[in-house]
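Engineer: Chains as they are written, first to last, in my numbering: chain A, 2 to 474; chain B, 2 to 474.
Don't read these hints as lab results, they were simulated from the structure. Certain hints may be false.
Which copy is meant is left open, because identical chains are indistinguishable; a pair holds if it fits in one copy or across any two.
[Claimed, not checked] The calculated PhoX-like cross-link candidates involving lysine-lysine, where the alpha carbons are at most 20 Å apart (straight line), are:
1) Lys233 with Lys65
2) Lys133 with Lys340
3) Lys389 with Lys188
4) Lys188 with Lys65
5) Lys470 with Lys56
6) Lys82 with Lys389
7) Lys389 with Lys158
8) Lys158 with Lys188
Protein chains: 2
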Amino acid sequence: MQNKSYKVEIYVTMISEIKKSGGKKMAKKYHVVIIGGGPGGVATALSARNTYPEKEILLIRKEKTALIPCGIPYTLHTLEKVEDDILPDASLEKNKIEVKIDEVIGANGRRLSLKSGEEVEWNKLVLAIGAKPFVPPIPGINENGVYFVKKDINYLKELKERVEKSQRVLIVGGGFIGVEMADELLKKGKEVVIVEILPSLLPLSMDPEFGKMVAEELRERGAEVHIGVSVKKIGKGPSVKEVELENGRTIPTDLVIVATGYRPNLGLAEELGLEINERYGIIVDEYMRTSKKDIFAVGDCVAKRHFLTGKYSKLMLASSAMAQGRLAGSNLSELKVVKGFLGTLGTFSTKIGKSAFASVGLTEREAKSSGIDYVVGTYGTVDRHPGKLPGVSRVFVKLIFARYCHFLLGAQVKGGDSVGELINMFAVMIQRKMTDMEIDTLQIGTHPLLTSSPIVYPVINATVNAIIKWYKK
Amino acid sequence: MQNKSYKVEIYVTMISEIKKSGGKKMAKKYHVVIIGGGPGGVATALSARNTYPEKEILLIRKEKTALIPCGIPYTLHTLEKVEDDILPDASLEKNKIEVKIDEVIGANGRRLSLKSGEEVEWNKLVLAIGAKPFVPPIPGINENGVYFVKKDINYLKELKERVEKSQRVLIVGGGFIGVEMADELLKKGKEVVIVEILPSLLPLSMDPEFGKMVAEELRERGAEVHIGVSVKKIGKGPSVKEVELENGRTIPTDLVIVATGYRPNLGLAEELGLEINERYGIIVDEYMRTSKKDIFAVGDCVAKRHFLTGKYSKLMLASSAMAQGRLAGSNLSELKVVKGFLGTLGTFSTKIGKSAFASVGLTEREAKSSGIDYVVGTYGTVDRHPGKLPGVSRVFVKLIFARYCHFLLGAQVKGGDSVGELINMFAVMIQRKMTDMEIDTLQIGTHPLLTSSPIVYPVINATVNAIIKWYKK
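From just these sequences and the hints, can you work out the full model?
Structural biologist: What follows is the structure in C-alpha cells.
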C-alpha cells in the first residue's frame, strides 16, 4: 500500500523535474554512492575510502544529523538532550566522504533523482536504508500518546517532552529496547509497566532464566512486568488513558511506547527492481551483492541468515551492519576480503540497573528448536579477586556447546560492566569455531582489580562444567 | 650451594626416619600426588579429579594457607589484612582432594618423604613447586629493611607492618609487581620512589609509550620514577637509610622493596633427577611431561617457550600455570586433550591509578628483536558512546600483525576497567591465529553504557589502521 503511493510520488516528482530542466538534466558523477547514514552506511563509506583512496564517494541521508541507534533509549534520561546522541560526521569529513542531506525519490539506470531536484550518477551503489518500527495490529495503536522508537531526532524530542509530563508509562515489548527504556524511566522516577507477549523478557536473545533476572532487576525498583500476555486494545482517545491486555486486565497509563521490533525499509529496493524477501529484507549474497550488478546492500534492510542455523534471522544490530559495511566497502570492485560475512551472529549487551546482560550465538531455546544436540555448561562467581576487593559484581555464565563437533554455539552472561567485552571474547570464539577443549586450555589474563581469579575464571569454568557432563554421557 | 645443604638435610632426615621405623616404613598410596598449592597445583588437582572421579588425589603444600599470588600487592593497602588474600580451599574440599600441609624432603622411586616423618607413594606425580624471588647482586641487599615479594603470609604481614611505619619507600624493579606496589603505596599516602634498570616501566610486557603512560600516572600522584638506571648499593645498616644509584645519585628511604622477578624452585626436581634448565626451569614437553615417566611439572617451576617466537620466556603467570595444570590433570593417563599448551602467550592486565593497562603476545620491541616483519595498527577513542555518558575512559589500542601471514601477534591496551576482558579477546585471537582481515569483518556487540561505539570500536579500528598501512606498502 505504502509502496504504491511512494511510487506515485516519485513519478510526479520526476515528471516535474524533467519539465524544469527542459527534459535533460546534468547529473554529478560519483564512483560510490551510499544511501543511508546509519552505522552500516558509515562503515561502508569509510571502508570504501580505504579501497579507493582517490575516488569520489557520496553518502546521501535524509536526516540532518544521524543518531547513534543504540543510544536512543538513553536520550530519555541519562543523556541530557536527544542531541547528545548524535553520530558525529567528523570521520566522514576527515575521509573526504561527501554528505548530502537529501532523499532519493527515483532511480533510473545508474542515475538517482533526489528530492532537492538534483541528480547523481553512480558506478557502485550501496543501500543502507535501514528499518522502520513494526506497528503491531492493535486497536488504538495510532492514538495520540502512543509512540514508537524511531531514529528521528525531532520525533524523539517530542517523546522526551511527553515523558517529562507523564507520571506513568507503559511499554509494549520486552526486548532490549523495551527493557532499556524501562530502566531509563525508572531512573527518572516514573511508574513503569512493561508488557511482553512471549513468556520471558529478552525472549529473542536470552533464555528464560536470564529474562527472569532482568524482570527481577526491574520489579525490585518498582516496575510492573507482565509476560506471556498480549495487548488487546489501547484506549481511550483522544489521548491514551489505559491499555487492555488479552487476559482482561486493564492498566491505566499516561503514555504508551511501542518497542516491538523493526521491519526493513524496502521501497527503494523495489524501485530498483531488486530481489527481496518481504519479511526479512533485500536478498544479498555473502559479499553483500544484490540481484543487480554493482548494487550492494548492508544493514537492517538486508535479509540475514543466522551464522549457525542458516535460517533467516530477525536480528538487526549495528555490529552486524558494520561488519557488512566494512565487507562491502572493501569488495566493491575486486574481492579483497573473501567470505567475510557468513551469517548474523547476534552479539548483544545491555545494562539494567546495576547488572549487565549479554548474549551471543544460540540460546538453549534456539538450539533446541533448531534440533541441535547440545551440552550446557554454567558457572557463577565474582568478577574481582579476592572477593573482598571493592567494585565486586556477581557474574554468571551459561554456554551451549555442540555435543559432537564440540564447537561453542552460544554464550549468555549476567555480570558487571566488563560483560560488554567478555561477550565479544565469546563472539570471537564462535566465529573461529573454538571447541570446549581449546577453551579449557586457553591462556587468559586475570587481575585482582579487573577480573575474576584465574581459578574461578567463569569462561573456562563454565566450559569445564560442560566437558564434565559430556564425559559422563 | 643451596642444593647441596638441602641434600644433606634430606639424607639426615631419611636416615633418622628409617631408624625410627626400624628400617621399614608404611607409605600411604595415592593415585596422584601434586606438590604445590598455587594456581598451577590447584588447577591440576581439580582437573585430575575430573579425569579420575574415584581415585585418591593428594596435594601437598608447605603453607598453612595459600595466597592468591597476583593479589599480593593489594595486601599493602586495598585489602585490610594479608589474610584477605587467601586462596580458599573450598574447591579442593568439594572435589575431595586431600590436602597435607607438609614439605617434601626426599624422594626415592615412587615414594616421597615428608618433613612430618610421613611417607607417601604416587602413581602420577605433578610438581607445581613455583618460584622464589630473584635476589639481584646488589651490595646491601640482605640489609634489615630490604624486603622481597614472597608468597609467604607471615613475611608479608611483617612487610605490611613495616610499610605502616615508613614514610618513604623505594621499590627496585618497574615490572607489574613493582608498579602495582607503587600504586598501592601512593594510595596509602606514602612517598614512593621506583627504580627500573631498563629504559621504561613494564619493560617486558609493554612498549615504551605505554611504560611512559604508567610513569605519568605514578608521577602525577607524586612518585619519583627513575628509569634506565640500576641500583649500585643499598646502605647504611643496621637498617637501610639510603640507596645509591649507578648514576651517582643517592636517595634517602625508610624501606626498600625488591621486585626484580622470580627464579624457578628446582631443588626437588634435581633430587628427582629431572632434566632442568638452570635459568628457566624444569624441561617438559607439550603435555607437561618431564624427562621421567609419570612425573609432570606445571607453572612457574617449568621452562616455558614463547607461543610465537619459540624462545625461552621469562614470563611467570598464574594464567599460564593454570592452562598447564588443566592440561596435565586431563592427560595424566591417556592423552585426552591433544597439543594443548603450545607455548606461553603472556596475557597481563593491571590497574595503575584510574587506568587499566594490558598486554598479550609480542610487543613491538620483541617483534623487532625476534626479526619479525610486522605492521603496527593503533587507535584511540572512548569506551562508552556517546562520549557524554557517565563513566567514560579513553582507550588506546596498539596491535602488531605479521606482515606476510597476517596473523595478530600482539596487543597492548590502556583504558578503563573493561580492558581486563578486552585483552582476553585478543588472547583468543592470537591463540586461534586470527588475521587482520578476519578481525576487520568480525561481528562484535556494543552498548552505550558498556563499550565504545561500533563505529569507533578500537579492536577493529586499530586493525583497519594496520591494513591500510599494509595496502600502501
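Engineer: Compare the structure with each hint and give your call.
Structural biologist: Each hint, compared with the structure:
no.	hint	result
1	Lys233 with Lys65	neither (37 Å within a copy, 66 Å between copies)
2	Lys133 with Lys340	neither (29 Å within a copy, 50 Å between copies)
3	Lys389 with Lys188	between (28 Å within a copy, 17 Å between copies)
4	Lys188 with Lys65	neither (30 Å within a copy, 48 Å between copies)
5	Lys470 with Lys56	between (57 Å within a copy, 19 Å between copies)
6	Lys82 with Lys389	between (39 Å within a copy, 10 Å between copies)
7	Lys389 with Lys158	between (44 Å within a copy, 18 Å between copies)
8	Lys158 with Lys188	within (18 Å within a copy, 45 Å between copies)
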